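Taking the hints into account, I'd like the entire structure generated from these sequences.
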Amino acid sequence: MSIDNATVRHIARLARLAIGDGELPALASELGRVLELAGHLASADIAGVEPMAHPHAQALVWRDDAVTEGDRADALLALAPETRGGFYLVPKVIE
Amino acid sequence: MTSAIAQLAASLRARRNSALDLARQALARAREHAALNATITVDEGAALAAAERADLTLAGGDTPALCGIPLVHKDIFCTNGMRTTCGSRMLEGFVPPYDATVVERLAGAGAVTLGKANMDEFAMGSSNENSFFGPALNPWDLTRVPGGSSGGSAAAVAAGIVPFATGTDTGGSIRQPAAFCGITGLKPTYGRVSRWGMVAFASSLDCGGVLARGAEDCAHVLAAIAGHDPRDATSMDRPVDDYVGVLSTSLKGIRIGVAREYFGGGVEEGVGTTVRAALAELEKLGALLVDIALPHADLAIPAYYVIAPAEASSNLSRYDGVRYGHRCSAPQSLEDLYMRSRAEGFGAEVKRRILVGTYALSAGYFDAYYLRAQRVRRLIANDFTEAFRQVDLIAGPTAPTVAFKLGEKANDPLAMYAADVNTVAVNLAGLPAISIPAGFSEGMPVGLQLIAPAFAEARLLAAAHQFQQHTDWHLHVPGGAA
Amino acid sequence: MTMPHSSHPTSHGSWQAVIGLEIHAQLNAASKLFSGASTAYGAEPNTHASVIDVALPGTLPVPNRAALHKAIRFGLAVGAQIARQSVFARKNYFYPDLPKGYQISQYELPVVSAGRLAVRVEDGRTIDVEIQRAHLEEDAGKSVHDAFHAATAIDLNRSGTPLLEIVSAPVLHSPAEAVAYMRTVHTLVRWLDICDGNMQEGSFRCDANVSVRRAGETKLGTRAEIKNVNSFRFVEKAIEYEIERQVRALENGEAIVQETRLYDAAHHRTRSMRGKEDAHDYRYFPDPDLPPLSVSSADIAAIEAGMPELPAARRARYESALGLPEADAAQLCSDRATADYFEATLAALAAHGAEHASGAQGREGSGSNAKLAANWVLGELAAALNEATVHIEASHVSAAQLAQLLARVGDGTISGKIAKDVFAAMWAGEGDADTIIAARGLRQISDSGALAAAIDAILAEFPKQLADYRAGNDKLLQFFVGQAMKRTKGQANPQQLNALLRERLGPMAEV
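Protein chains in written order, with my numbering: chain A, 1 to 95; chain B, 1 to 482; chain C, 1 to 511.
Be careful, since some hints might not be right.
[Claimed, not checked] The list that follows gives simulated cross-link-like pairs (lysine-lysine, DSS-like), each with its CA atoms no further than 27 Å apart: (1) K464/C x K489/C; (2) K91/C x K92/A; (3) K92/A x K227/C.
[What the hints assert, rightly or not] Rough simulated footprint, nothing fancy, chain B against chain A, three-plus residues with beta-carbon under 8 Å: (4) 22-36; (5) 45-51; (6) 55-69; (7) 75-89.
[Claimed, not checked] Cβ-to-Cβ under 10 Å is the rule here; a few derived chain B residues that face chain A: (8) T63; (9) F94; (10) L205; (11) D320; (12) R323; (13) L334; (14) I380; (15) L414.
Treat the hints as calculated values from the structure; they're not laboratory data. All figures in this text were calculated on a predicted structure; none of them were measured in a lab. Where is the CB? At the ideal position from N, CA and C, for every residue including glycine.
Here it is in structure tokens:
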């Protein structure tokens, strides 16, 4: 199965991955092969079969509404590449 | 006594060694085997401090099973104050401010963390060649891979640096390296071990587990790490069995299913022969071999390589250069920040899988890929449910080949994926499985995989233990030295 | 081409507006939807963000039960279906205030669906608005664009706060209908105590989907989404502008672009959001970290048992059982604390046994205690609360205290006019009504002897005015009333005074 360069670019954009022009053909080819592998799924008879998002039947367990986390701003901001005045910084976004 | 952990525990109890001695010896062995590149971080200070604390506990007369025993954690488990990289440039300098539950529980049991084991980047790989920190090597043959993604953990145990290591298994990443390195690797039931602090690759498939010499060692470790954790909503609230206490359960009358599909065309002759011989051993111990079918086995790889990348593509979106991790230099805009930080931070295999996963979830393709794969997943799970009506365990080769040469499959992703052919179905169904050493082929270890129904780890460990009481494959060490 | 500024939802010229609202109500849980960090507003940046809210590697979501219960309360209040099984799904997109790179929301199986809400529009009609769904999702953090020169600053305190997204069907046809619906939902979520409705703090936000079509057309036109409009007034203006903009464009032969727009309050217009991609592929899939939500009939029954009487029902009760006019009932029921205060006042008033004697006392006369209490709560009390910028829950005068005051009006102890002074003193903390009346000697003078004496004194003091009155200047009656009031320090019983004065003054000369 072949994936064209435009599709790879589009998917890479959705995934926010910069792809150089030189990388495109190899990636398109590799993706094509994986998707071909995935294409074998088409042969399966899935009539009436529910999708399985979780391996075991499990009910969601809820927690009590209580504040259990305190101020960890210092420790967490220290992990970041760029902060100022207690904020995380990113290049200016225009809305 | 086969259990390395039990032996060490005995020597601590008898005061032939202190925990500090064990830690120093392990650190020395780590230095000695540095060429294996089994570890990304070794933290001598933390190890010695933990050992001292263990010695205090031991001095008090208390001798819990894992107290003072050294280990390495796969570098996917967050360790508070200790670098956690996931084998990636993206997290090259990341120091978590919290511990994973697995780390917490082992520390609580007095085990001593030496450092963090090498791994395929974000757990994506079957050879440990996808690590930003260079491949780990197989102690049996330094020109071969140790398997992946828990390659460093397997190498560390096989080389005798530490008696056990933690690992994670999403598509075979504990079992396959254990098979390649001639040790025992246990993947518990999904939800048996908490995923809190275990960096996510594919959330509905990821399982924390253990690599060690033998099943008895694995039982001790599982006892410490298993159990419900309210911080993980997928963690199952079920009582933890007495894994160690029931190891001596006999194999008599245990029905072991043998599926033709696990001995398919991709399985090397030497591997097939070795595994069949191991099955014969099991029969001698009283097990009954039963032919079973797993009709959708050939769809496991396609389903896995849609579902795992899809979940991964979403799980890895948080790596954006904003709050932690790699950030590109001088970003010109928000988009530039994202695109370049992520392109620079992730290796080729991770990028491939993110792209596949994004595609599989994208508008227009969701039904044909992701949704369909989830339905096939149910078919595969149903196969196992059916089979377990007739048998108690399912057996087969863990991997179709012995450890391959470095570089042999690195340029062919699909060839690499094929290494997982016998392991991924287990993850799709959320079942527990163990790989135990079963012999050798071409001088390299061969692993036998046993699969059990959900939450039947006790049965699995007992069967493996019985096999190990009557064979000595798991006691072989590389280079012949103990 | 001008738009008739009416709230009647007919076509403008030959156009019909079609509006649907998506309301995001921040649920007033103490902790976040998926973490134990605090949701309290106004903290220093990033001090209410836990390892989960910052999306550190290895962290996992654990859901907050109170958020689910609040969502179910809403569903029950709008007669909706509560899903026995529902699912949290990931909505994937990149933005710096969205730390995981996805929002945990609900997609195919929301917890609440198919509800309806009766909405009274200002022109007197009641419309039935279909609520398609209400689902749980986590809020994003805040992007601050003007804190620093060349960077945008991110504060993740808000990240993870529980939201209930309430989606109406596109069944609103005018800005007035849209605002009436928004107000009704606003009142309801506060009434149910699931959201504080504080729009300045962003607890209650509204996106409006607006399109137009030719009258009679059944197909929907292309819509524009106006995001994050945070006041009733701005919603009305934004929708008004947008309808005009679209009609103008279509009449000029232009097509409407499906896009997101912002309301520019300074220039009274909507404008396209620059730099935002129009086509988001959110790649929704069920969140593998969260098993499906199960809600049992027992759960629902327990929540239902704790539900308050809803505003519509109370309003109807006030109108029918208490005979209050529609406007009063609506005002009292715009806020549960106010309605509760009103009923507490009524109950205490009844306990005083202070039912008006028919006819004799006061202009309030044949009106009921209910009308009296309503007048005071909506009048004097409301004015005092307003001036002190205090909410009724912090009123300086309690319902019991107000009731005592009203009882004293009802039993003739003081006049309605004096009561206002007493109220002011009560508000200032001088004590309860009886204490103040006694301390200031404010008991109404109803004794005819005392009143007659006062009248005689006035008439003696102002002989000229008396002569003028008798000569035909009947306006001077008020002059004498005023003087008598002054002389009695306002404590003359007005009705008695009036009657006695007329008697004393005698008939006027025929003109």
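Hint check:
Restraint check: the Cα-Cα separation between K464/C and K489/C comes to about 23 Å, which is no more than 27 Å; the hinted pair holds. Taken as a hint, the K91/C and K92/A pair is honoured in the structure, with Cα atoms around 24 Å apart against an allowance of 27 Å. Restraint check for K92/A and K227/C: the C-alpha separation of about 21 Å stays at or below 27 Å, so the hint holds. Under a criterion of three residues with beta carbons nearer than 8 Å to beta carbons of chain B, the stated coverage of the region 22-36 of chain A is upheld, 6 such residues being counted.
Counting residues of the region 45-51 of chain A whose CB falls under 8 Å from any CB of chain B gives 4; the rule of at least 3 is met. Under the rule that three or more residues need a Cβ within less than 8 Å of chain B, the assignment of the region 55-69 of chain A holds, with 6 such residues. Interface restraint, the region 75-89 of chain A with chain B: holds (7 residues with C-beta to C-beta distance below 8 Å; minimum three). For T63/B, the interface hint is violated, the least distance from its beta-carbon to any beta-carbon of chain A being 34 Å, above 10 Å.
With 10 Å as the threshold, the beta carbon of F94/B comes within range of chain A, its nearest partner Cβ sitting at about 7 Å, so the hint holds. At its closest, the beta carbon of L205/B sits 8 Å from a beta carbon of chain A; the interface hint therefore holds under the 10 Å criterion. Among the interface hints, the one on D320/B holds; its C-beta lies about 7 Å from the nearest C-beta in chain A, closer than the 10 Å criterion. For R323/B, the shortest C-beta to C-beta distance to chain A is roughly 5 Å, which falls under 10 Å, so the interface hint holds.
At its closest, the beta carbon of L334/B sits 5 Å from a beta carbon of chain A; the interface hint therefore holds under the 10 Å criterion. Taking 10 Å as the C-beta cut-off, the interface hint given for I380/B holds, the closest approach to chain A being about 9 Å. Interface hint at L414/B: satisfied, since its Cβ lies 6 Å from the closest Cβ of chain A, which is below the 10 Å cut-off.
Hint 8 from the earlier list is the only one contradicted by this structure; the remaining hints agree with it.
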